[in-house]
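The task is to assemble the complex, starting from two chains supplied on their own in separate frames and drawing on the hints.
As a plain string of letters, each chain reads:
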Amino acid sequence: MFSWRSSGADKFFEYGVMAIGLSTLVLVWGLVLMMVNDASPSIDRFGLGFFIGMQWNPNTEIFGALPFIFGTLLTSGIAILIGVPLSIGIAVYLSELAPPWVRQPLSFVVELLAAVPSVIYGLWAMYALRPFIAQSVEPFFMSFLGWTPLFQGNAVGLDKFTAGVILAIMIIPTIASVSKETMRAVPDSQREAALSLGATRYETTRIAVLSYARSGIFGACILGLGRALGETMAVTMTIGNANSISWSLLDPGQTMSSLIANNWGEAQGLQLSALIEIGLVLFIVALIVNLFARLMVGRIMRAVPATGGGL
Amino acid sequence: MNIFAYRRMKNQLASFAALACVVLALIPLVYILVMVVKTGAPAISWEFLTSRTVGTGGPGEGIGNAILGTLLLVFYATLMGLPVGLLTGIYVSEYGNNKVGYTGRFFNDLLANFPSIVIGLLAYALVVNFLRFGFSLFAGSVALAIIMIPIVSNTTEEALRMVPNSLREGALALGVPRWKTVLKVILVNGKGGVITGVLLSVARIAGETAPLLLTAFYSSYWSSSLGEPVASLPLTIFRNFNSPSKELLQQAWGAALILILIVLSINIGVRLFLGNRSGKKKVVKNWKRRLSLRT
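Those sequence lines, one after another, are chains A and B. Quick note on my numbering: the first sequence kicks off at 1 and runs consecutively. Quick note on my numbering: the second sequence kicks off at 1001 and runs consecutively.
One should not assume that every hint holds.
To be verified - Reference listing, derived: stretches of chain A covered by chain B, where coverage requires no fewer than 3 residues with Cβ under 8 Å from a Cβ of chain B:
id : stretch
1  : 13 to 20
2  : 41 to 50
3  : 64 to 74
4  : 116 to 126
5  : 223 to 235
6  : 287 to 297
Just so you know, the hints here were simulated from the structure itself, not pulled from any lab data. Keep in mind it's a predicted model, so treat the numbers as computed, not measured. Note that CB positions come from ideal geometry on N, CA and C, so glycine has one too.
Next up, chain B with everything else stripped away, as it sits in the complex (with noise of 0.2 Å):
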């Protein structure tokens, strides 16, 4: 064969190829979105997202306290990493060029990667076992907290860095002092980044399973007080996938769906509406590069 239509040849079956990885990769994605709602679908009704998991599979059961109290872990999670985030986030970027910021920073992102069963087993030593809170909402959210706090510092970071140096210099120049400039000038102009990065890490411990296993553990009822177990939705569907009763598996299905609902939306919602301006897209991306994509 000639040599240029062989090499073209390569060439062809190469760009083919790529191409089908691509494919490939995504038959997986499009595969549990149908088979979640096609399966999941059934299942929902006014009845099934307002009644407790009694776990029997009998008639009127739901999964409404799984649904409480993946908010309700969410919500104190959200409570105490957000602001622990943002507060290292504004440190890193604003004070963080010298050693104490270099370091810090390097153990942030090395906390991003940690597998999350083991930051499941860092609450548990800490809140399960030496607070002896036991298995509860509040040790959940303990965990879900530490992972939420290296994506939102590493957004927050990205995001500030964004912001121009002349602003920083414009509002010295006027004689405000640093810590208003970092306030009303420099957070107020990073805020999308800010913002898209706290949705995220949001839908990222939303769907988190095995620390939750390992600290909030699980109920059956109703329950939201900080100092007892409490359900959620990752792990209803964990108890109940391989369920032989058909009502339980129905249960799980349903839970996947508002699940990867909820997980999607936000990651749809924020590419949509957040990420339009260039800088915003820049930042996610930065950010999900340095946390490898933990999501």
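If we strip away everything but chain A, and leave its shape as in the complex, we get (with noise of 0.2 Å):
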């Protein structure tokens, strides 16, 4: 039996903990109700209209969104374009092609991408990709694509379409390993049941493995786009920052993240405001993917594990 002294102990330290913790957390969350505060001069003064605003002029003071979730979701619908196959190749290359003793360091090595600063991301892409894709890849996609009004204009290489790029290889790390977990909690015996059907390779992966986990590679899609949503340095230093709505690739752009970045240091009032009001929606925006995509890779990773855990 407890004595009174330790099970008192026992409490106090419970709830302490738990004060500390979730007390912490509560903060946070609440921090959100104050950037609510600080953005409200410019959710009264504009209003939904906020959200089809063309424009963004310090000077008569008017501010929209528009421009910027239109970079946002151009942006990231480049990056999901790119980095979504690949993604699924080293996906299906890691769980179910690599020889066993290159799977680990492998893993490894493709989640050292992520391991990168952006700010060096945004720095490398500036000097390397930037020339790379402004001599060869624009000039290559002009030549059959040009008449289309996405790739209107000059090969500049400071344009939506390397920041998609960059983005694209960011995400790349993300969307792989979490596919590359799905597809190994596929059981065995799914695969199995293919290949004794006389199924190649090939084939036991799309049957088996691929249809079967569909749900948590898509949900690895979405957490991907969650995080080319809010990707802010190396976006803010390729995409040439320009305020306006164009369809056009090679045309610079600005997205929710970069618009932020670009104008804190001397935002101040009504601008001031405005950039919190964008970054609660891009909040809100990144909210809701996770949650989605919490919903889709939760479906097919059930396990929590098993040992452990209180008593």
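The following block contains the structure:
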């Protein structure tokens, strides 16, 4: 039997731990309300018109978010378009095809891609990726897609296309490793069944693994999308910073996060609160995307670590 | 063509395509490492590492204040984020099999996936605006601490869950109070995983840029006071990356080299020295999965 003293100490410890841990969490989430408060001058002034406003003009104090929402969606779209097929290829290789002894080291190297700070991605993109894209990739696309609105203009490299490519590189480790985990979670009996029917490795992967794990893979892509939407530095450094809407990928643009990063130093008053409102929009979008991804990944990865945990 | 040959060919093509994806993804990593080392190395000298950034690109400039700033930011952030993250992790793992625990874990996981610029805005709202600290070392550390908390608490939770229940039962059967069991048995057994998480979170926050831009801002002086703006390696890179001056650009590459050395050596070191035992490896894998690798 516990003595009075030790059970008192136990309660004290439990509630103390809970108070410190959870109160911080409550505080952090409470800060979102503080952000709403900081953004309220802009919310009051522009209302819902903020989301369809085309101008960002500190002189006339008219602020609208549409060009930046557009830029965020467009660059993230490019990132998904390039990043997803590559990531799924990587995940298939790491989970199904690679010889066992390279799996671990290779997964680690792919994950290192996620450890590189985004400002270094930006620096590299500026001096290595941008010239390459401007000289080879963009002229290539212009030569046969030049008639579409997407590839009008000059190949300079400081534009939405480069920003999308660098985003694609940055979301690959996220999508690849989460997809790989969901493919690993596919029971071996599925693979064995397909193989025993005479399917090749490729057919097994397609029939037994990819279709089984597709909700998890889809969730992984959504997680990657979430990361692309919020990514700041590498985009800020490559997108060229123009506050206008243009469908051409070869024109400079601006995303929600790059707008904040670019204007933060000098913004005051109404502009500052409009920037915070943009941050709030970004927060809400990221939250929805993550909740959705969690739902999709959770469906296949219910496995909570089985051992241990509180008594 | 024979259907079997066709299927075999398709199989081989698909395998080749998958391998090509891996190679394609590794090109940027290798390219970045080579380029940062090659371009950054000529900048490194004792003077470069120990003098401050004046900002004119003249002789005798360095990134000493940025290195100091990054160390201070990481130090204060760890001071705040580590205990909170650790306690949250302990609570969720050891006392969290109830509604409070599940809710806490859920919001913690979501916090882990906030875009880092939003965390910068949160810290701005609290420290810079509400507490009237202004752009400061303190504000920057708070932002980094908020990033650190969910990483540390998730790793702690995963690590403590790896400790077998028989140890808990054994300690309790000997009459050890539960709080002592947690501190002296469970935490001690799970410490490898906890240390791994802390180190990886340090590597992560050392490279964060956007939240610092919004909170710690920048200074070209040696500042170490909590209430003043402070320089940091990532922001030195960001300020100089587009500079027309060759010297300032060189500074950015030098700073990038130092930063990438710090970040990668922690990541690889953790892998080599702490990741050998299977349990710990699994911890890293689990929290990375849960945080969707937002490193």
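These are the hints, each one checked on the structure:
no.: 1; hint: 13 to 20; result: holds (count 5)
no.: 2; hint: 41 to 50; result: violated (count 0)
no.: 3; hint: 64 to 74; result: violated (count 0)
no.: 4; hint: 116 to 126; result: holds (count 10)
no.: 5; hint: 223 to 235; result: holds (count 8)
no.: 6; hint: 287 to 297; result: holds (count 5)
In this structure, the earlier hints numbered 2, 3 are contradicted, and the remaining ones agree with it.
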